[in-house]
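Chemist: First to last, the protein sequences are chains A and B. Counting from 1, one number per residue, gives the positions in the first sequence under this note's numbering. Counting from 1, one number per residue, gives the positions in the second sequence under this note's numbering.
No lab work stands behind these hints: they were computed from the structure. Here the structure is a predicted model, which is why all the values come from computation and not from measurement. A few of these clues could be false.
Said to hold, decoys possible - Taking lysine-lysine and the DSSO-like style, the derived pairs with C-alpha atoms no more than 30 Å apart in a straight line are:
hint, chain 1, residue 1, chain 2, residue 2
1, A, Lys138, B, Lys84
2, A, Lys138, B, Lys82
3, B, Lys80, A, Lys138
4, B, Lys29, A, Lys79
5, B, Lys79, A, Lys138
6, B, Lys66, A, Lys138
7, A, Lys135, B, Lys82
8, A, Lys30, A, Lys422
As the list claims (entries may be wrong) - Across the chosen pairs, the derived CB separations fall in these ranges:
hint, chain 1, residue 1, chain 2, residue 2, range
9, A, Tyr142, B, Lys66, 20 to 30 Å
10, B, Asn6, A, Gln230, 55 to 65 Å
11, B, Gly38, A, Arg424, 42 to 52 Å
12, B, Ile42, A, Tyr400, 47 to 57 Å
13, A, Lys43, B, Leu11, 26 to 36 Å
14, A, Lys43, B, Glu63, 33 to 43 Å
15, A, Lys264, B, Lys66, 54 to 64 Å
16, B, Asp40, A, Asn283, 38 to 48 Å
17, B, Val17, A, Asp399, 52 to 62 Å
18, B, Gly38, A, Ser134, 48 to 58 Å
19, A, Ser263, B, Asp10, 57 to 67 Å
Stated by the list, open to error - Far from chain A, some chain B residues (derived; all Cβ distances over 10 Å):
hint, residue
20, Ile19
21, Ser35
22, Gly71
23, Lys82
24, Glu83
25, Lys84
Ideal placement from N, C-alpha and C gives every residue a C-beta, glycine not left out.
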Amino acid sequence: MLITNKVGITGMGIVSSIGNDIPSFSNSLKTGKSGIKKATILKEPKISVDLSARIEDFSFVDSIDYVQGISEDKYQHAKRLGRRAPFVIQTSIVSALEAWFNARLHYNKPLPERIGVIVAGQNSTQNYQYDLISKFMKNPEYLSPRYALEFLETNQVGVLSELFGIEGEGFVVGGASATGNVGVIKGYQLVKSGLVDVCLVVGVVADLSPMDIQGFINIGAMGGKKFIDQPERACRPFDKKHEGFIYGQASACVILESETSASKREVPFLAEIKGYSFNIDSNSSANPNINGEAKAMLSAMNQAKISSSDIDYINTHGSSSPLGDKTEVEAITKIFKKDIMNLRLNSTKGLTGHCLYSAGVVETIATVEQMRNGFLHPNKNLETPISNELQFCGGKYVDYQIDIALSNSFGFGGINTSIVLKKR
Amino acid sequence: MNKTENQIFDLIVTHVVDITTNVNFETIKHSSMLSPLGMDSIGRAELIARMKEELSLNVAAEEFYKANNLGELAFLFVKKLKEK
Numbered sequence: 001m002l003i004t005n006k007v008g009i010t011g012m013g014i015v016s017s018i019g020n021d022i023p024s025f026s027n028s029l030k031t032g033k034s035g036i037k038k039a040t041i042l043k044e045p046k047i048s049v050d051l052s053a054r055i056e057d058f059s060f061v062d063s064i065d066y067v068q069g070i071s072e073d074k075y076q077h078a079k080r081l082g083r084r085a086p087f088v089i090q091t092s093i094v095s096a097l098e099a100w101f102n103a104r105l106h107y108n109k110p111l112p113e114r115i116g117v118i119v120a121g122q123n124s125t126q127n128y129q130y131d132l133i134s135k136f137m138k139n140p141e142y143l144s145p146r147y148a149l150e151f152l153e154t155n156q157v158g159v160l161s162e163l164f165g166i167e168g169e170g171f172v173v174g175g176a177s178a179t180g181n182v183g184v185i186k187g188y189q190l191v192k193s194g195l196v197d198v199c200l201v202v203g204v205v206a207d208l209s210p211m212d213i214q215g216f217i218n219i220g221a222m223g224g225k226k227f228i229d230q231p232e233r234a235c236r237p238f239d240k241k242h243e244g245f246i247y248g249q250a251s252a253c254v255i256l257e258s259e260t261s262a263s264k265r266e267v268p269f270l271a272e273i274k275g276y277s278f279n280i281d282s283n284s285s286a287n288p289n290i291n292g293e294a295k296a297m298l299s300a301m302n303q304a305k306i307s308s309s310d311i312d313y314i315n316t317h318g319s320s321s322p323l324g325d326k327t328e329v330e331a332i333t334k335i336f337k338k339d340i341m342n343l344r345l346n347s348t349k350g351l352t353g354h355c356l357y358s359a360g361v362v363e364t365i366a367t368v369e370q371m372r373n374g375f376l377h378p379n380k381n382l383e384t385p386i387s388n389e390l391q392f393c394g395g396k397y398v399d400y401q402i403d404i405a406l407s408n409s410f411g412f413g414g415i416n417t418s419i420v421l422k423k424r
Numbered sequence: 001m002n003k004t005e006n007q008i009f010d011l012i013v014t015h016v017v018d019i020t021t022n023v024n025f026e027t028i029k030h031s032s033m034l035s036p037l038g039m040d041s042i043g044r045a046e047l048i049a050r051m052k053e054e055l056s057l058n059v060a061a062e063e064f065y066k067a068n069n070l071g072e073l074a075f076l077f078v079k080k081l082k083e084k
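Turn these sequences into a full structure, and let the hints guide you.
Modeler: Okay, structure coming up:
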């Protein structure tokens, strides 16, 4: 028989362009710091837009050394697993370690088979492979045997499960730009259904190859041309001058846990996940759909047994895509009607860029941090809003108490997700 | 033992230390075997692939599996280099 229980977040960790731990990320949200810059390392061939919010000056060993409370044993284990691993795995280890220690799982954890791990990330080895191609073309014999492990996305499941002694369910999920939310939703389902007590959900860095970036440019999804010499102004969610998303990098991790387990361990919820929705549009293309997005928000609220008047804040998908922003505004307006007067909105992507696979986890963390610290971060570069009905945040942070929030993520292929978070 | 074989042994040791952790140069001898140094089958495959690349050898990795210790492995690499 399945057991039902409340599910909450008991730990969080992040490595991003605007902060390599939760306190610095949170501070950057408040100050409106943008991670978007011109690329400093250029690969051949040169691609037409080189603006992005990348993780810079990352040192794996220094980062694990910096994790608060880490024991010598765990430090050595993490070092052994990650020292020569690809960048994407190293950043996942670091964000997961911060979340693990934040949730105090290092000295008081459930049985290994009661802990699950979900890696939210698709195509995460694209740039790793791209970098190896020229060497491989010269002599396939010299390819590292570790490639056979490392090009598989599930390598992250193996690495994280070994590091933390996890023996419950472990798998990878993908949902294009909604991948992070899909991970949180699947983790929620595992905990809610009683299959595990704790689930580690890691949104992985989208380490795009130049070919991937050019593909996004060619399909018309990526912006940056209008503000090529003013990188910080390039990502403009819901502004009339928006022209597409700006690529960002982040690894983000949340620990989801049942209330029973958290109470037993005497660890507080940082926020409760009250409900979610995940639907698809029956559409193989890139275009968003008002009805699918509206249905996601409505179903999430229904599952959480709340109405639109209960929502204080939406962390929007808000990617700075003209059609995407317009569609999300119309979907929100359609379902919130008169309640939009009491609703505040912003987009974290204006600061972090679009972190693609990890975006949903990054924005869950951004929502929880705003909730816990009583503020709303700026909606960067919103000068002329595409809608005057919705109350977007301005250029500066504001003090604001959020009790219940929605966090939206939508993806190519008609993927619509929304999560309801409640302050604890 | 000629100089080339010593150099190749040193090269092997450098890679073993890089592939594993918690192993010092000083503790590795010609009679050392890979498993006690923390090298599993993937580590062994990686060591051989790296050596082949450094020495520009195009020989099947299996050719080196019969070495019982690092000294024998160095000897096999020297032999294959001479056969080039």
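Chemist: Hint by hint, work out which the structure violates, then give me just those numbers in ascending order.
Modeler: Numbers 18, 20, in rising order.
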